[in-house]
Amino acid sequence: MFKLRRALVGCAAGSVLAIFLAATLHAQGSTAGQSGSAADDALLAKAATMYYSATKAGLAGFDCVVHPDWHTAIASGHPGTTVSDSDSRVTLLNGVAITLHARLKGGSTMDWTPAAGSPSDANSTSMLTQEHDGMNQILLGFLQFWTPFMDGSLIPANSSGLTVTHASNTFTLHGASNGTDWTEVFSNDLLLKESDVIMGNGLSVKFEPTYKATAQGLLVERFLMHIQPAGNPPAPVQEMKVNIDYQTIEGFPIPRQLNIEVVGTATINMSLDGCTVLRQ
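The opening position of the sequence shown corresponds to residue 1 in my numbering, with each subsequent residue numbered one higher.
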């Protein structure tokens, strides 16, 4: 788990969480490039109707109890070693109560409550502190990059200020905001295939989302991410896979299972239950 946290927040030139934040910036306005056309505006308006929008549905947030698979997390971070279900680290972490308070407009938090009577020796206390920090980074980081794919903000309201390029099978949007360049590639049937972000310091990430069709629109269920730390020469590209399985709470799709893997580093799976929703 600690290795996974380092992979998520320890890129050579900055935090992956900073990438997640940067990925939402273009929804707040862009300044670079030539303006698109009325036809491009109509294309974007049509695309916006195809995707599930938590904002249009009236979802403001949700609260869920989180159950990480600590055994898998620890074992994946220590390849070649045997980790039993009765391992003291697994037992200690399984006793922690975790509640996620997700807020789609920001301000998400996580509660972390170790079991009463948990060991208080230095090693146990240190591990709990590290895993607390790591889980907080992972859950809040997930919300940062998942939310724009859920609230409709990745589809610009119009093409003003953007460079729009049409090819035989795709069209591409490009813009810049607050020192961050971003590019989105759509198929001609309006499916978002890639969302690429390059920050001013050279840190870049490419999101390749996969969607499933629902009665409320296309719902993101998988991400393949390629993270390129800044540097000269740049560090190797890091690959991250995120899979999301949903449950329906009061008509809203809420994550039921998250599977997060930093390829070659570590994996953590978690289930969410006891969920309640917050309406706008």
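Any given hint might turn out to be false.
Stated by the list, open to error - Simulated restraints on C-beta separations: (1) Leu219 x His132: 37 to 47 angstroms; (2) Ser126 x Asn188: 47 to 57 angstroms; (3) Asn94 x Arg256: 13 to 23 angstroms; (4) Asn169 x Thr129: 46 to 56 angstroms; (5) Gly95 x Asp189: 45 to 55 angstroms; (6) Asn94 x Ser160: 25 to 35 angstroms; (7) Thr81 x Ser118: 19 to 29 angstroms.
Claimed, not checked - Distance condition first, Cα-Cα at most 27 angstroms in a straight line; then the derived DSS-like pairs of lysine-lysine: (8) Lys105 x Lys241; (9) Lys241 x Lys206; (10) Lys56 x Lys105.
I should point out that these hints are in silico values taken from the structure, not numbers from a laboratory. Glycine included, every Cβ here is placed at the ideal spot set by N, Cα and C.
Do the hints match the structure? See the list:
Taking the beta carbon of each, leucine 219 and histidine 132 are about 31 angstroms apart, not inside 37 to 47 angstroms as hinted. The beta-carbon spacing between serine 126 and asparagine 188, approximately 54 angstroms, falls within the hinted interval of 47 to 57 angstroms. The supplied range of 13 to 23 angstroms is met by asparagine 94 and arginine 256, whose beta-carbon atoms lie about 19 angstroms from each other. Range check, asparagine 169 to threonine 129: Cβ separation about 50 angstroms, and the 46 to 56 angstroms hint holds.
For the pair glycine 95 and aspartate 189, the supplied restraint of 45 to 55 angstroms holds, since their beta-carbon distance comes to about 49 angstroms. In this structure, asparagine 94 and serine 160 break the distance hint of 25 to 35 angstroms, their C-beta atoms being roughly 52 angstroms apart. Checking the proposed 19 to 29 angstroms range against threonine 81 and serine 118 shows it holds: the Cβ atoms sit about 24 angstroms from each other. The straight-line distance between the Cα atoms of lysine 105 and lysine 241 is roughly 24 angstroms, inside the 27 angstroms bound, and the hint therefore holds.
Simply put, lysine 241 and lysine 206 have alpha-carbon atoms about 12 angstroms apart, close enough for the 27 angstroms limit, and the pair holds. Only pairs whose Cα atoms come within 27 angstroms are accepted, and lysine 56 paired with lysine 105 is accepted, the gap being roughly 13 angstroms.
Violated hints for the displayed structure, listed by number in ascending order: 1 and 6.
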